[in-house]
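Visitor: Sequence:
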Amino acid sequence: MKKLIFTLLTLMFLCGMTAKITAQDTLDWTLLVYLVGSDLESGSDAGSTDIQEMMDADFTDYVNVIVLRGGSMKEGWQEPKTFLVVAGEQIQLDFVPSNTDMADPNNITEFINWATENYPAHQFMMDFWNHGGDIRGYGNDEVSGKSLKVQTIKKAIGDSEFIKDGNLFELLGFDACLMATLEVQTSLKDFANYFVGSEETEPGHGWNYTPIVNAMESGEALTGDKLGTIIVDSYKAQSEDQETSNVTLGVMNLAHISNLESKITTLFNKIKDEDKVRSLQKARGKAEEYSKSIKNPEYSEDMVDIGDMMKMLKKVDPSLSAEIDSVLVALDSTVVYNKKDSTRPLATGISMYLPHNVLIDEGETYYLIDSVYIPIGVDSTLSDFIVNTYIPLASSDITPPSGMTDPDFTFSGKKGESATRNFTGDSISAIRIAHDDDLEQVQIVLIEEFEGFPNEYIFLGATFPDTIVSNDDGTETYAYKWDGAWLGINGYPAYISDIQDYEVEDEDGNFQYHTRVHIPAILHPDTENERDIIISYSYDEDFNITLESIVPEVYGDSVRIVPKERLELVPGDVVQLLYESFNEVTDEEFFVVDDGAVFTIENGNDDLMLEYDELFEGNYKLGYILMDHSQNDTIIFDDKVFTVTSTSVEETFADHNIAMFPNPANQQITIENIEVSANESYKIRIFDQAGRLVFTRVSNSDRAVINTSDFTNGYYRVQIISGKGILGQGIVIQH
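Under mature numbering (1 follows the signal peptide of the UniProt record, and there is no 0), the letters of the sequence shown match residues -23 to -1, 1 to 712, in that order.
Warning: the hint list may mix true and false statements.
[To be verified] No more than 27 Å apart at the CA atoms, straight line, and that leaves these computed lysine-lysine pairs for DSS-like:
hint : residue 1 : residue 2
1    : K292      : K213
2    : K132      : K58
3    : K213      : K253
4    : K166      : K288
5    : K203      : K253
6    : K292      : K203
7    : K316      : K253
8    : K203      : K249
9    : K247      : K288
It should be emphasised that the hints constitute simulated quantities derived from the structure, not laboratory data.
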């Protein structure tokens, strides 16, 4: 009988008719997908791609896949339509919700009622697909410009006859950014056994639906936790295949989420009773957080990983260990399965809202509390602590940290000074700070004089001090050794707009320190497709570099939207570095570009190479940003001026009897007779004809062989930089 019905449905679809509902057998699973297409569909066909993944599954007789889609400006997606997905095709059904707006909660209720009644199953899964915004909600309808709040989603699901009749979804999931929060899960805990969501933003490809549907189709006994594990593993595998990063995804047992909330509340009550809010502030500032806005910190999502924050809090205040351990035990029982990639090593599965970055803007802080956080309806004791204890105490501190330059400080240690440059002024810069338990971080900032514009400077961003010394008088000195070098991309100094350090524990329990930097840039500058982007790198103590991600720094016009997107650069894309500038007289801040720091992509993301490189000629000053846990900050500049001048003229290889061959070259070039003294190293750099740095290596051998098989045809400039100066020679690559 089922085969006959399927044939009729297919024929009606091919004839352009809408299929009518007939009586259905009770299958093992029915998957409901609420798919708000938005810009993800109109811009990149992401919704259609995932529907195709569903159609690619090996369909049998064990599953119904029902998709309600709409909410996109793409033709055919502007109004909701419902489809039955089968092998190789999607069949339009006759169900149409009462409202064309996918952000209308009645559509969710009606969809659940209709699908569960007409496609009965032993187990149901519901998947919400689109943008996610943690406590802000989910689902941006591109046509109406509206989205769904968390409490609205809660009511929409709870109002369905399916839930009113005492049923539960076996699995409730969000294929969307940032939805694995305590607040979302406590709101939806009465509607499902298990929950799948991501703490971090998701890449545009989202979940891989073929393995998910195949698992439902298998006919094997499948519970929500097992299905969730398949969702997580296939998502992680697809991310690796597509080389996307910043990946987190977890499976949570919703039966345990209330206990986790209770243990956190107990801990916070003790913190309140014992006046230890500052300890929590410190831990919050050091813990892993998600979707921080670099250019506008007050617009950060302020979601913090619960497990990492607990571990930080135990270090800050061991007297809270008993309550912290109770939270960690509850977290472990709630998170059934969790995967993350190397760029988010500290993710433990569930985040929560605890304001931090937003504290710089009191108005924005209380707007979020009043209009977003409180209406969700989290535990009243927990919300009372955050609203009436934590925020007021954190916000009451309006005194920034203070310090003074320490011109007499000296320390030993080389940072690889180059003999080809002159650096005027004392090479040590230092600041002395009275020991302040409220100090969250100290960063070194580098500024360059804006040539031709007195009192204006270009920010080259931040790094960490080279050394910290505790003095006998109780003060601490933070010092930096000037070496005329800075982090840059393709030979151009970059604006390090944010820098974070963190530690990663390996399988043997050893910790290694890592640093993450964020660099703002413009994609497609001076075109109608211009976009602000953030390029993120991380590196370990040995300076092994990973390009973590390139993401847009944008939000929607009517609804603040966290981009569900990782940018993969393609040949022909143009990237221009962005710099922040300021006028020390007017305090005006503005962004500028360097006309030289423009890179045309020939291969992909890996064309943007991060390295320490020599600064261009100019006058530079060092400053210190002191920030406390309430986000008050002070910048103190050293009076010293560090001037970089060139003292060498590039000589040729022939001047020093160095041979480079063949020329033209194909697969490799060989450089011989390089003069190397004992214990001395040199650097080889190769620039393409556009002046982009395409290769760098440090060596101490008198012979170097360089693989050029991946170089494009054209003219290149090869440099050898050593204590003897800069030597250069051109070469042609011809494959």
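Visitor: Evaluate each hint against the coordinates.
Guide: Each hint tested on the structure:
A distance of roughly 31 Å separates the Cα atoms of K292 and K213; the hinted pair therefore is violated under the 27 Å criterion. For the given pair, K132 sits about 23 Å from K58 by alpha-carbon distance, which is consistent with the 27 Å threshold. Restraint check for K213 and K253: not satisfied, since their Cα atoms lie roughly 39 Å apart, outside the 27 Å limit. Annotation: proposed proximity of K166 to K288 holds, straight-line Cα distance about 26 Å (limit 27 Å).
With a C-alpha separation of about 41 Å, the suggested pair K203 and K253 falls outside the 27 Å cut-off, and the hint is violated. The hinted pair formed by K292 and K203 fails the criterion: a straight-line CA distance of about 35 Å is larger than 27 Å. The suggested pairing of K316 with K253 is violated, with an alpha-carbon distance near 33 Å, which exceeds 27 Å. Of the pairs offered as hints, the one joining K203 and K249 is violated, with about 40 Å between alpha carbons and a cut-off of 27 Å exceeded.
For the given pair, K247 sits about 17 Å from K288 by alpha-carbon distance, which is consistent with the 27 Å threshold.
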